[in-house]
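Protein chains in written order, with the working numbering: chain A, 7 to 370; chain B, 7 to 370; chain C, 7 to 370; chain D, 7 to 370.
If you are wondering where the hints come from, they were derived from the structure by calculation, not from laboratory data. The structure displayed is predicted, hence computed values, not measured ones. Some clues are possibly wrong.
Just a sample of chain A residues kept apart from chain B, beta carbon distances all over 12 angstroms, derived [what the hints assert, rightly or not]:
no.: 1; residue: Arg38
no.: 2; residue: Asp48
no.: 3; residue: Thr91
no.: 4; residue: Ala100
no.: 5; residue: Asp104
no.: 6; residue: Arg192
no.: 7; residue: Ile215
no.: 8; residue: Val219
no.: 9; residue: Arg296
no.: 10; residue: Asp351
Once the Cα atoms are required to be at most 20 angstroms apart in a straight line, the calculated EDC-like pairs of lysine to aspartate or glutamate come out as [said to hold, decoys possible]:
no.: 11; chain 1: A; residue 1: Lys90; chain 2: B; residue 2: Glu279
no.: 12; chain 1: D; residue 1: Lys68; chain 2: B; residue 2: Glu279
no.: 13; chain 1: D; residue 1: Lys90; chain 2: C; residue 2: Glu279
Using N, Cα and C, we set each Cβ at its ideal position, and we do this for glycine too.
Protein chains: 4
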Amino acid sequence: MPLRRVGILTGGGDCAGLNAVLRAVTRCAISRYGATVLGVADGFEGLLDEPRTVSLTSAMVKGLLARGGTILGSSNKGDPFAYKTVENGRVTTADRSDEALANLRDLELDVLFVVGGDGTNAVGNKFFLRGAPIIGIPKTIDNDLGATDITFGFDSAVNIVVEAIDRLQTTAQSHHRVMIVETMGRNAGWIALQAGLAGGADVILIPEIPWRVETIVRAIQARKKLGRNFTIVCVAEGAKPDGGEACVRELVPDSAEPVRLGGIGDRLAGWLERYDVGECRATVLGHVQRGGAPTAFDRNLCTRLGAFAVHTAARGEFGTMVALQNNRLIATPLAEAIKQIRLVDPAGEWVRAARDTGVCFGDG
Amino acid sequence: MPLRRVGILTGGGDCAGLNAVLRAVTRCAISRYGATVLGVADGFEGLLDEPRTVSLTSAMVKGLLARGGTILGSSNKGDPFAYKTVENGRVTTADRSDEALANLRDLELDVLFVVGGDGTNAVGNKFFLRGAPIIGIPKTIDNDLGATDITFGFDSAVNIVVEAIDRLQTTAQSHHRVMIVETMGRNAGWIALQAGLAGGADVILIPEIPWRVETIVRAIQARKKLGRNFTIVCVAEGAKPDGGEACVRELVPDSAEPVRLGGIGDRLAGWLERYDVGECRATVLGHVQRGGAPTAFDRNLCTRLGAFAVHTAARGEFGTMVALQNNRLIATPLAEAIKQIRLVDPAGEWVRAARDTGVCFGDG
Amino acid sequence: MPLRRVGILTGGGDCAGLNAVLRAVTRCAISRYGATVLGVADGFEGLLDEPRTVSLTSAMVKGLLARGGTILGSSNKGDPFAYKTVENGRVTTADRSDEALANLRDLELDVLFVVGGDGTNAVGNKFFLRGAPIIGIPKTIDNDLGATDITFGFDSAVNIVVEAIDRLQTTAQSHHRVMIVETMGRNAGWIALQAGLAGGADVILIPEIPWRVETIVRAIQARKKLGRNFTIVCVAEGAKPDGGEACVRELVPDSAEPVRLGGIGDRLAGWLERYDVGECRATVLGHVQRGGAPTAFDRNLCTRLGAFAVHTAARGEFGTMVALQNNRLIATPLAEAIKQIRLVDPAGEWVRAARDTGVCFGDG
Amino acid sequence: MPLRRVGILTGGGDCAGLNAVLRAVTRCAISRYGATVLGVADGFEGLLDEPRTVSLTSAMVKGLLARGGTILGSSNKGDPFAYKTVENGRVTTADRSDEALANLRDLELDVLFVVGGDGTNAVGNKFFLRGAPIIGIPKTIDNDLGATDITFGFDSAVNIVVEAIDRLQTTAQSHHRVMIVETMGRNAGWIALQAGLAGGADVILIPEIPWRVETIVRAIQARKKLGRNFTIVCVAEGAKPDGGEACVRELVPDSAEPVRLGGIGDRLAGWLERYDVGECRATVLGHVQRGGAPTAFDRNLCTRLGAFAVHTAARGEFGTMVALQNNRLIATPLAEAIKQIRLVDPAGEWVRAARDTGVCFGDG
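Chain A extracted, bound-state conformation (with noise of 0.2 angstroms):
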C-alpha cells in the first residue's frame, strides 16, 4: 500500500523519546516511501476547530534524538468524544468526534500515528472504529502497558532517579538521617522498584504492595541495630499506607479551604519523625523524571518503534498497536492492547530478587 501521507501526533503527559519517534517516522516515511509527512499538534486537542499540522521534514527532526519533551506539544484534555471545557469553575464536557474526524478526514492522512498511553490509544481506538487508518505507539512513563514488553521513557526515568538515590546515600550515611525519595507512580510501582532496587534502597513503597508505617519504623530500628544509622526510602507516589486514610485525615484538620498538602514523600517523613527515628527528608523529582535526553535504550526503541510502525502502516494493518514482545516488534490489535494493564507482581521474581537483597516493602 503506498504511503503518501503521514500523520502522526503525541497525547497524554510527555516522556523522553517522544521527539526519537518523531524523528524515525520522518525519516523511515520519507526515505522508504517518499511520503510527506504531518504532525498535529498538541495531540487530539489539534484535530478541534482550525487543525494544527506542521510539516515534518528531514531537517525539522535534525537533531532530535537526544532531545527530550515533544516538538509537537501534548494535551491531556484534548478527548474529542468527551472534550471538556472550563467555564466560571464549572467543568463542561462535548462529544466534538464528527469534528475530529471531519478535519481528520480533511487531512487526506494515509495513517495518523498516535503515540500516547492507554487513554490516548483507547481515543485512538475509538477513531478507528469509526474508519480512521490509526496505528498506536505505546508511550508510558510508568512502564503499565500490559501489550508491550516495556515502555519507552521508563528506562531514561528510573535513571533519573536512581542518580538521585545515589546522591542521597552519601549525605544519609554523612547525617544518620532517613532519606525518601519519591518518585513517579499513580498505579504502578515500576519507577520504585526498579529505581529503588539499583539505588539500593532499603525500603521501596509501591501502590500494588500494602504497607504500614509501623513497618518502616521496625526496618529503621533494625538497621540501627546493625550500625547503620540511615535509611533510604522509595515511594512511588500511588504507594498509599495500609489504613492511610485515617492518618491523612489526623494531619488535615477541618478547614473550608482545601490544604495544598505535600505528596506521599512529604507526608510520609511526617508520620515516621512521630516515631522518633530522627530526621527525615523528603526529595520530590517530579517532572524531572519526564525530561531531558533520553537513554541509549529508550532512543533505539523509539528509533525501532518508529520505522516498524511505519513498514506496519504500509503494510496497511491499521487498529493495531505496535509493541516490543519477547525482543521482537509486532502489530497487536489496539483493542486488545488496551485492555490489560501491567502492575507489579507482589510475588513475581522481582520483588524476590528485592526481598532475597534486603529490602523491605512495609508489609508483614
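Got chain A sorted already, so can you dock chains B, C and D onto it with the hints?
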C-alpha cells in the same frame, strides 16, 4: 614546627568535597611531616563523653576524592558550649566545653582542623580562645562565607540543580506548564541565582530580593504573548514573598496540630495557580544537592585547601581559617572570618547580567 | 539442598556490574540460606598455588551496587587447563587443573559461581565435567553470548559511548569535520551498532558487515550536498575494511621493529583524509567503556542474576549458566551456553531500522 | 554611545560555551540597546568574498545556553591577513585584509565582537589598528590566556576528563593495569593537571615539566610495593619526554611515507610496556573534550562576559578584550591581552598541592 599528631573533624550539614579534604589533609600530613592523623567522629559531638576517633591512614582515604559525604560523620547539635539534649520533648542546654577541652588535650594533637560553616568555625574559635590549636577549613553549600571567594560543595550543588532545570525545560515546553524548582539557600540566594542563570530559568527568586507573586504572574503572561507557553521558576528555599506571611496564613487554617506544609516551591505553585496561569508543578531536590561525587572544581579546591591547611599548621598559624581570595590561598584570622556573611548584591554584576539576559527577579 | 559454603570468582575483562553480582550473591546466600560466602581472587588464577580467597560479608559488599569493576580482581591468563607463563619472552603453557581442583576441593564449597564470558564459562564447564559444582553467570561487555538475551555491562558501555557521540555532534557541526569514535567489539558489533544508532551516527562500521572506505567517502560527499558539512562515524574495534589488508600494509613500511599502530579509528581517519573529505579526528574510548557506575538496568540485571543463581545452586542445578531469555530468568546447560555466539544479523530488524533512519554501513 | 548594529564571530577551535556567549550578547544588545545583531559565519572567513552573515534574534538564540559548539561555525584557516589556500597540495598565502575590511565597513557595524583564543584576538587587534570597532571575548579550552583568570570551555573539558578517569579507576584496579588518558593541551598543561588531580591520577605529565619514562616506571614499581597494582597516568597531548626525540625516532623506522603514529598516550603505552610494568592501555578523548553541554560555571561565565562585552561596546571601549580578573569583569587592551600566555608554574601552589597528595610528575 613539627607536626606529629594531626586531628580533623567535619561539622554542620554535609556537602560534596568533605571526604576530599580528609584525603588531602591525611596524605599531606603523612607524606610531608610524617604525622599521624586522627579523625574525630560526628563533629564536636565526638569530643564529648568517651571521645570517638578513628586513625586516618593512606589506605583509609583511598578512593575518597570522588566520594560524597564525610566518612567521619557530622552532627548539627554538637556545640559543646551549648550542648542540647532533648528529653520528653523538652530541650535543655548545657556548657560541656570543659569536658571537650579536657578530652581534646588528652588526644595530644598538634592541630585540630575543623571543617565547617560559620557555626562550626565559631565554635572552633571559642576553643582556640581557650588555648586549642585550631585551624578552620570553610565549608558551606550556600557559598555565603564572606572570608573566602568560594566554598567547596557549592559548584557541585549548582551543577546538580542545573541538570534538573535542563530536564524540566523540555517537559515544560511540551506541556505549556509553569515548572518550579526549589533549591537550597536559607539566607543567601547564590545556588538559586547561579543555577537558575545557568539553567535558563525565566524567573529567579532569592532571599536578597523581595518579590511579589503578581510580578511573576505578569512575567508568565508576557511570555505567553511572545508565544512561550511555559515558564521555569528557580526559587531558593529561603526566598519569601513580600507580604508573604498573609499568604501563608491564608493557606493554613486554624488547627490544633501544626500542618506539615510543603516548602516555598509547593506553596508558590499553589499561589500561582490561583491566577489561572495554567498547571504549576514543583520539584524539590532537597538533599540531592548535598550528595554524590564532587565536580572537578570542588575536588581540587578541597585538595588545595587541605594541603595548604597542613602547611599552615606547620607554620604554627593557629586561630585562622584557610581561604581562597583572588585565586590565592591564604590564612585569615578565625575571629574575622566568622564575622561576615556574603549575600547576593541585588545591584551587583551577577544580578545585572541575569536581568540583561531576560531573567525576572519578581520585583518591580 | 543446604548451602553452607558458597564460592564466587570473576574472570576475563571487567565490566560495570561485577560488584553488583558479588553483592547480590552474598546478600541472598547469607539471608536466605545462612551460608558463608568466599570470594576467589583474580579469577581462576586465585585457585592456583596457595589459593587466595576473601570472606564476603554483608559489610564487605556494602556500597558495591554503584561501584564499577570487581573487588575480587580478575585475570585473563588464568585458565588452569592451559596456564601460560612468560619467561624471557617465551610463553609456555601447562595444565594445572589438578592443582586447581585439589585446591577447590579443600575449600569445601557447595557451589562455585564463575562470572565471566565464554572463556570463563568454558573453563567452568571443564571443572564441572571433572566434578566441581559450577554455576556460570554470563558477563560480556560485547553482548555476544548466544544463551542470554543481554549481558550486564553492555547497557552501561553503550550509554558511555552515546554520551561521547552526543558531545562530538556539536563540535563536528561547528567545524565541518569527520569525527570517528572507536568502540569495543572485536567480533560482535553490538556496541557500535546500538551506540551509533542512539547517538545519531551517520556511518556505523561493524565486523558483521564488510565495508569499503570509498562507500564512506560517498556518504560524506552526499551529506555535503545536502548542506551537512560534518559526519559522525562509529566504528567497532574489530570492523575490518573489505580488502583492508592492503591498506594496512601500505601504511606500515617494512621495518625491523613492529610499529605500534593506532586502532581502526586512527587508521580510518588516515584513509579518509586521503580522499580530501576534510579533517578527520578519532576518539578512542578504550577501557572507559568498562568502568564507572553501572546503569540502572545493569545493576538490576546483576541483582536478579545473582539472587537467581543462589536459588539455582540450592536446587542443585550445577553445570548450568543462569540467563535472561524473553524477560525470564532460566538456568541453561553450560555446555550449550558456550556453544553459540550472537552476532549482529546484517539482515535483521536492528540493522534495517538503522538503514531506515539514514545510517550508512559502508557496504554497497 | 548608541548601539544600533552589533556583529559577532567565533574563531578557532570550538569549545563548550560559545553558543551561550552568542545568546547573552544577542539578548543583552536587543533588550538593553534595541540593537540588531548580526552573526558572521565561520570566523573571519565569513568576512571574505560575499560576506556570510545571519541575523541573530531572540528566537534564534533560544535554547543555546546548554548547547555545545557554535551555531555560527568556526574556521581555523580564515586569517584574512594571511589567508591560506591549498591547491594541488601547495599552500599559498595571501593578504586579503583590505577585502575583509571593506566588507566589514559595508556591514555598518557599531561593534564586532570576536570570540576566540590568542590567534583570533591577534587578528582582531590588527583589524582594530586598521580602524574597526573590535572587542575581544577570550576563549581557549586550554585556559592559557594570560589576561584572564579563566576561560570558558575549560571547566567543561576538565569535568569530561575527570569523568573518564573516574571510570578508568575501577577497571584499572580490577585488572592491575596501567591506564593512560591523553588530554588536550599542546603548550599548557592545565587540563591534564586539573583533571588528573581531580581524578586522582597517580602520574601527571605536562608540557611545563620535563619528564622521563624511567621515573614513571619507578613510580609504578613503588606503588606495586605498596600493594597497588594499578596506575593511572594523565598526560597532556603536548607533554614531551626528556630526550624523547630519540624514543620517537626509534619507533618510526625510515619510510618513504609518513606513518600516522598515535599520540603521546599511545606512544607512552608502548614505551612503558618495554619496562615490563604490565599491560598499558591508552584512552584518547580528543574532541569529546570540546563538545556537549557546558558546566554551570562555563554557562555563567559566558553569560556574564557576553552581557559585559555589550556594555563595554556601548561605552565605546574598542580595541579591548573583556576578561575575568580576581572575580571581576574588566576590559583590558587587546594589544596587552595577546602578549602573555599563562603556563603552569612548576613551582606554584597547584603543582605543590598535587605533589603533597602523592602525584608524580615524572621528573626527578
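Inset, instruction - With 12 angstroms as the threshold, tell me whether Asp351(A) passes as away from chain B on beta-carbon distances. - result: Check passes; 30 angstroms lies beyond 12 angstroms.
Legend entry - Outside-interface status for Ile215(A) - nearest CB in chain B farther than 12 angstroms: It holds; Ile215(A) is separated from chain B by about 25 angstroms at its closest Cβ, greater than 12 angstroms.
Inset, instruction - Grab the minimum beta-carbon distance between Arg296(A) and chain B and tell me whether it stays above 12 angstroms. - result: violated, 4 angstroms
Legend entry - Restraint status (C-alpha distance of Lys68(D) to Glu279(B) at most 20 angstroms): violated, 26 angstroms
Legend entry - Given as non-interface: Thr91(A), partner chain B, CB spacing beyond 12 angstroms: holds, 14 angstroms
Legend entry - Given as non-interface: Arg192(A), partner chain B, CB spacing beyond 12 angstroms: holds, 15 angstroms
Legend entry - Least C-beta distance from Asp104(A) to chain B larger than 12 angstroms: holds, 27 angstroms
Legend entry - Lys90(D) paired with Glu279(C) [C-alpha distance capped at 20 angstroms]: holds, 19 angstroms
Legend entry - Least C-beta distance from Val219(A) to chain B larger than 12 angstroms: Holds, because the least Cβ-Cβ distance between Val219(A) and chain B comes to about 14 angstroms, which exceeds 12 angstroms.
Inset, instruction - Measuring Cβ to Cβ, find out whether Asp48(A) lies farther than 12 angstroms from everything in chain B. - result: The claim breaks: Asp48(A) does not keep its Cβ more than 12 angstroms from every Cβ of chain B (closest is about 8 angstroms).
Inset, instruction - Would you assess whether Ala100(A), listed as outside the interface, keeps its beta-carbon beyond 12 angstroms of every beta-carbon in chain B? - result: holds, 21 angstroms
Legend entry - 20 angstroms Cα cutoff - pair Lys90(A), Glu279(B): holds, 19 angstroms
Of the numbered hints given earlier, the model fails hints 2, 9, 12; all others are met.
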